[in-house]
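*Asks:* Chains as they are written, first to last, in full-length UniProt numbering: chain G, 1 to 79; chain F, 1 to 79; chain A, 1 to 79; chain P, 1 to 79; chain C, 1 to 79; chain E, 1 to 79.
Please keep in mind that the hints were generated in silico from the structure rather than gathered at the bench.
As the structure is a prediction and not an experimental result, all values here were calculated from the model.
Don't take every hint at face value.
Pairs count within a copy or across copies, as identical chains cannot be separated in the list.
As a list, the in silico BS3-like pairs of lysine-lysine whose alpha-carbon atoms are at most 27 Å apart [to be verified]:
hint, residue 1, residue 2
1, K42, K71
2, K71, K30
3, K30, K42
4, K30, K78
5, K42, K78
Protein chains: 6
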Amino acid sequence: MPIVTVQVTREGTTPDRSSVSAEEKAAIIKGVSQVLLDVLNKPLESTYVVIEEVDLDNWGWGGLPTVQYRKQRAAAAKS
Amino acid sequence: MPIVTVQVTREGTTPDRSSVSAEEKAAIIKGVSQVLLDVLNKPLESTYVVIEEVDLDNWGWGGLPTVQYRKQRAAAAKS
Amino acid sequence: MPIVTVQVTREGTTPDRSSVSAEEKAAIIKGVSQVLLDVLNKPLESTYVVIEEVDLDNWGWGGLPTVQYRKQRAAAAKS
Amino acid sequence: MPIVTVQVTREGTTPDRSSVSAEEKAAIIKGVSQVLLDVLNKPLESTYVVIEEVDLDNWGWGGLPTVQYRKQRAAAAKS
Amino acid sequence: MPIVTVQVTREGTTPDRSSVSAEEKAAIIKGVSQVLLDVLNKPLESTYVVIEEVDLDNWGWGGLPTVQYRKQRAAAAKS
Amino acid sequence: MPIVTVQVTREGTTPDRSSVSAEEKAAIIKGVSQVLLDVLNKPLESTYVVIEEVDLDNWGWGGLPTVQYRKQRAAAAKS
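Chain G with its partners taken away, still in its complex shape (with noise of 0.2 Å):
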């Protein structure tokens, strides 16, 4: 009877969203949990999915806040 945690930042996947889709959040769900079946053999009516959408502003990085640090690394990658 697994549980399974999956923290995201929140946001889309594409520049017009602002956040994990349903249609994602249904996909992660059926992902994990099919894992732990093929893996550990834990029936799917067993697991438990919980899904944390995190700000980006309380997300760190880095020791910076997630924004600031990926323009810190795109900074430098081009470097």
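Take the given structure of chain G and dock chains F, A, P, C and E to it, following the hints.
*Replies:* Quick look at chains F, A, P, C and E alone, frame taken from chain G:
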């Protein structure tokens, strides 16, 4: 000094409400803190309780988003 | 389908024990599951409870490891 | 940069083992990271996966420790 | 590659604000990432920080929702 | 009343040690509690810090267990 995290779907207990009410949250906080006092003798003032309400789209069960899984189970129960 | 996570320090409730006993864990599981049934009408079989025991060294309070913080408070209480 | 936390009971998939094997852990890590790549286009190197094995005594279901709940269900299935 | 999760109540540090500001979040991210670098020599770019703001209703302390517990303590401090 | 959870791999900072030392844990607890005091004015005694050490096998990065991913990166850096 326990920490109790309670994750529930964001939905009401009656059809006219779409989330857990403030009274219900207070009752959960009171109840689980009391369990820790009764069983482990932890003083109420040393217990933190955090309630996380999770959107139905973000909670998966049976490899599906919750709403779809419930429909599937309800259909199976009828047949 | 709630998930309740209970984090407590790994220590006994009596001097001769160094961890939470199996009976105490069962009582915690029973108690918090019952709270979710009573308050939100969640069936017992849809609630998962996960108990995490945390070594005393790994739990901080008051900016100190727990054991040191307790000593500090006990000393302050005497003075 | 997702974080995926997988909580499972500490037990083997065959009677001769008492925990998840290193190969199974590697397969879980590979599988869930791939789901995030496929669905949200997250590069593998930005995904962290944390597997938490939970002792059977510390996992509750149906208001009971897991082992007792499984026995109860098995008995109910027979009757 | 540490993951640091910071859970705080959703409220401002001054009366005119009702949540943690973007500047405060950036300072938390910078500060805790630096601690991991200083103490464990973890490079900044390997540390993820996730800040979770919890509504006051959803945080319990002393067996009560936070706002009620604070009132109770303030009243006790006066008497 | 913040809760700070610090997840790190269970390994030493020098070759002769296989886990985080008690002194390092105390420094982490002190450091992150101080950040919350400095930035959000949270009193030290209201902050809980929980350190979770995760076995290397149980931490995935780049779709691989950590040790394999580090080897892959080290090999790539040389070429």
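*Asks:* If a hint holds in the structure, say so; if it doesn't, say that too.
*Replies:* We went through each hint and held it up to the structure:
In this assembly of identical chains, K42 and K71 lie within 27 Å of each other by CA distance solely across copies; the values are 17 Å between and 41 Å within a copy. In this assembly of identical chains, K71 and K30 lie within 27 Å of each other by CA distance solely across copies; the values are 16 Å between and 33 Å within a copy. In this assembly of identical chains, K30 and K42 lie within 27 Å of each other by CA distance both inside one copy and across copies; the values are 13 Å within and 17 Å between. In this assembly of identical chains, K30 and K78 lie within 27 Å of each other by CA distance solely across copies; the values are 24 Å between and 38 Å within a copy.
Proximity of K42 to K78 under the C-alpha cut-off of 27 Å is restricted to the inter-copy arrangement: shortest distance 21 Å between copies versus 46 Å within a copy.
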